[in-house]
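Engineer: Between the sequences and the hints, there should be enough to build the whole structure, so can you do that?
So the protein sequences, as listed, match chains V and C.
Mind the numbering: the first sequence is residues 1 to 404 in my numbering, read in order.
Mind the numbering: the second sequence is residues 1 to 174 in my numbering, read in order.
Since the hints were derived computationally from the structure, they do not count as laboratory data.
Relax, there's no trap hidden among the hints.
Result set (DSS-like, lysine-lysine): computed pairs, CA atoms no more than 30 Å apart in a straight line:
| no. | chain 1 | residue 1 | chain 2 | residue 2 |
| --- | --- | --- | --- | --- |
| 1 | C | Lys61 | V | Lys292 |
| 2 | V | Lys292 | C | Lys136 |
| 3 | V | Lys292 | C | Lys83 |
| 4 | C | Lys53 | C | Lys85 |
| 5 | V | Lys292 | C | Lys65 |
Pulled a few chain V residues facing chain C out of the computed Cβ check, cut under 8 Å:
| no. | residue |
| --- | --- |
| 6 | Val158 |
| 7 | Asn161 |
| 8 | Glu175 |
| 9 | Val182 |
| 10 | Gly290 |
| 11 | Leu291 |
| 12 | Ala295 |
Note that the Cβ used here is the ideal one computed from N, Cα and C, for glycine as well.
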Amino acid sequence: MAHFEKATSLHDWMNQRLAVDTVRRVMAKEYWIPKNINFLWAMGMILAVTFGLLLVSGIFLLMYYQPNVATAFDSVNYTIMKEVEFGWLWRHIHGVAASVVFLIIYIHMFTGIYYGSYKKGREMIWISGMLLFVTFSAEAFSGYMLPWGQMSYWAGMVITNLFAGGSLHADGLVEWIRGDYVPAQAFLNRFFMLHVLLLPLAILGLIGLHFAALRIPHVNNQDGEEIDFEAEAAKYKAGNKKESKVIAFANDFMSKDMMVVGIYLVFFFYLVFFHYDFAMDPVNFDPADGLKTPAHIYPEWYFLWSYEILRPFPADPGLVAFGFAQVIFFALPFLDRSPNAVPAARRGAFKYWFWLMLVDMIVLTGMGKLPPEGIFSTIGLVAAIVFILLWIALPFITKKEKAL
Amino acid sequence: MKDSSRRGFMGKAFGAVAGVGAVASLYAMKKSWDMLPSVKAAGFTTLDMSAYKENELVTEKWRGKPIFVLKYTPEMMGKLTEKQKARTVFINGEGYLVNLGLCTHLGCIPGYNSDTQSFLCACHGGTYDFAGDVTKAPPPRGLDIPPFKIDGNKLVLGEEGPEYKNMKATGVTL
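Structural biologist: Structural data, given as structure tokens:
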């Protein structure tokens, strides 16, 4: 290039310097999306929008939040909630979005599992997505520490204690992570740093990777049909839009995506304005106190299933099971040995596996919230064992599946 | 050939320099997260043991954690079993429970009942006797004993005296 002409318009001026037309063509106008996908494929866009809401509301909270054990609680519950105009709005958006984002992530994940979107050349989409899930979990946990309430403190205590490795009693490691004998100033500062800088940076990078992973294998579709994207795109470009199996991402497909996002936002802001309390645990409205434990410690709803896998076992097997639950989803593309990338309903035993896994995780979630006593403890134990057995069974049942 | 081996050398030389730098910075990062000297220095608490009343639980604070101190009555002293004796801190002929006030199950703070002379952890129903030994599961072991040193009438928490070292050696505490 490097030959410039007098620009005829602002657009032309930019085009000569930033190639805006080329970028728009590659990223949007000639990015092809199959026609036969349903609203469940809009979850990615919903997640992007929710992440944007978290980022903006977080920036406003950051202007008044004080990461100091003496002032953190009041800076959130008094300064932001009572003094800062619309401070309550940013906090409620941030709190509700932090909770709802996990609901959408789970829907996004289970959509992928149901339609086999992690298979056959789409493994990197799945793995980068799981990396995002883990980073989001760390982001949520570190953010939960910041208001420095009772549940923040004791969740920090319990979760960092996990790093002692049960009978290994690696208390030195735990104290190193905390920078103190108990969660205190050093702990609050480093979790603040993780929450506002390091983890968001990692998330942004991973979102880039997740999108890039999608670019070449393209998005899967409702029928698991293998589409020749180049041939279909050629038809579309030639004007045979009706015969073509694909559609341009922007503005054609986006209009449908944004419709779903619109409906979601109505639901989202209904929660923000009328039911924000579901994302605010009452226990966390007591300031942190190292000399008083809440009677019953539980995580936010989205961690309950993995918490319940930890809980019904004795310390060491519990930790092993917990570790297993954290990493096993990464292996899904390799544990599913069937050649079919079609909806679970058209597959063999996998269709039962899918629904069993979903129901089992809902049961684990319910039991994780209840105190671990009596029958609930037993149900939790059975559900935790079923979870592990289902994963062990997966390669065997999918290997038997006939190619469609 | 000559050129590529020159590039190879430069690549290896760069790798070596970068490797040394990476290891050094990882070391610095690790050390940056170590406990600050001021935090460590604040990790000692001295208790005046003559101030406690018999069969009345007092919760002290050491390293941000609750420490139970309970002075035994003569009657409690009389019925001490060998196991309970091993967990007891004796100062000037008086017996004391000095324990970390965190349930060894999941870290809740148990409550003391002076009538039954036992601890109950309300979270999952674990109980301990007045010497802090576990009497009902789920706690896997008795309440932990913080490192202590007897200094006349005083007890220094955070320093390991011979009595504490002995408790550790015999497996009374971790």
